[in-house]
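Start from chain A and add chain B according to the hints.
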Amino acid sequence: GQQLNQSPQSMFIQEGEDVSMNCTSSSIFNTWLWYKQDPGEGPVLLIALYKAGELTSNGRLTAQFGITRKDSFLNISASIPSDVGIYFCAGQLRNTDKLIFGTGTRLQVFP
Amino acid sequence: NAGVTQTPKFQVLKTGQSMTLQCAQDMNHNSMYWYRQDPGMGLRLIYYSASEGTTDKGEVPNGYNVSRLNKREFSLRLESAAPSQTSVYFCASGSNSPLHFGNGTRLTVT
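These protein sequence lines map, in sequence, to chains A and B. Residue numbering for the first sequence follows our numbering, beginning at 171 and increasing consecutively. Residue numbering for the second sequence follows our numbering, beginning at 1201 and increasing consecutively.
Pulled out of the complex, with its shape left as it was, chain A reads as follows (with noise of 0.2 angstroms):
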């Protein structure tokens, strides 16, 4: 089936850093989505991305989506503890609401 390859695995990271982590994937998607996964919560949306070469921020969160749409990164700036969690993409294909995840990426900061 679809996979999405989601790099790095983990990072540790010391506070105020920034982050960068990434997504490929075989496949073309519509559309490319970054969410945040807390200890014992579901994933929340982070940066939805609809446009090839599309770069949308939110805050410290910066992510684009590859000009291909079989890649995008997310970036953190000036992180802080807070930003302990996991990093999951998800492409969503054309005319369905159905997501193909990456396995995540585990965050850890310390002060």
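You can take every hint at face value.
Below are the BS3-like pairs computed for lysine-lysine, each with C-alpha atoms no more than 27 angstroms apart in a straight line: (1) Lys1257/B to Lys268/A; (2) Lys268/A to Lys1271/B; (3) Lys1209/B to Lys268/A; (4) Lys240/A to Lys1257/B.
Keep in mind the hints are simulated off the structure, nothing from the lab.
Just chain B, lined up with the frame of chain A:
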């Protein structure tokens, strides 16, 4: 504003027992989904319902059944639980929009 509500939050079953995981959404969404989350594997789609009255298999449907009871509710049933079904189960809903997720049901099968 409840969003997507899942019950129960935790469950322990013995091999061979059956149970139903409940999910309800109050956002009038057409589509509903059941995912399972296992370490290192992200979320994998078990079953989904694109609209009331329809259900379809996802990536890992074996050992599960679903019922779209009405527009609000979508249940997941394990007829004979197996240890391989130990996981965290998430329900989600959407309507031509990014999915909204519940807070999960943590299931352990011994």
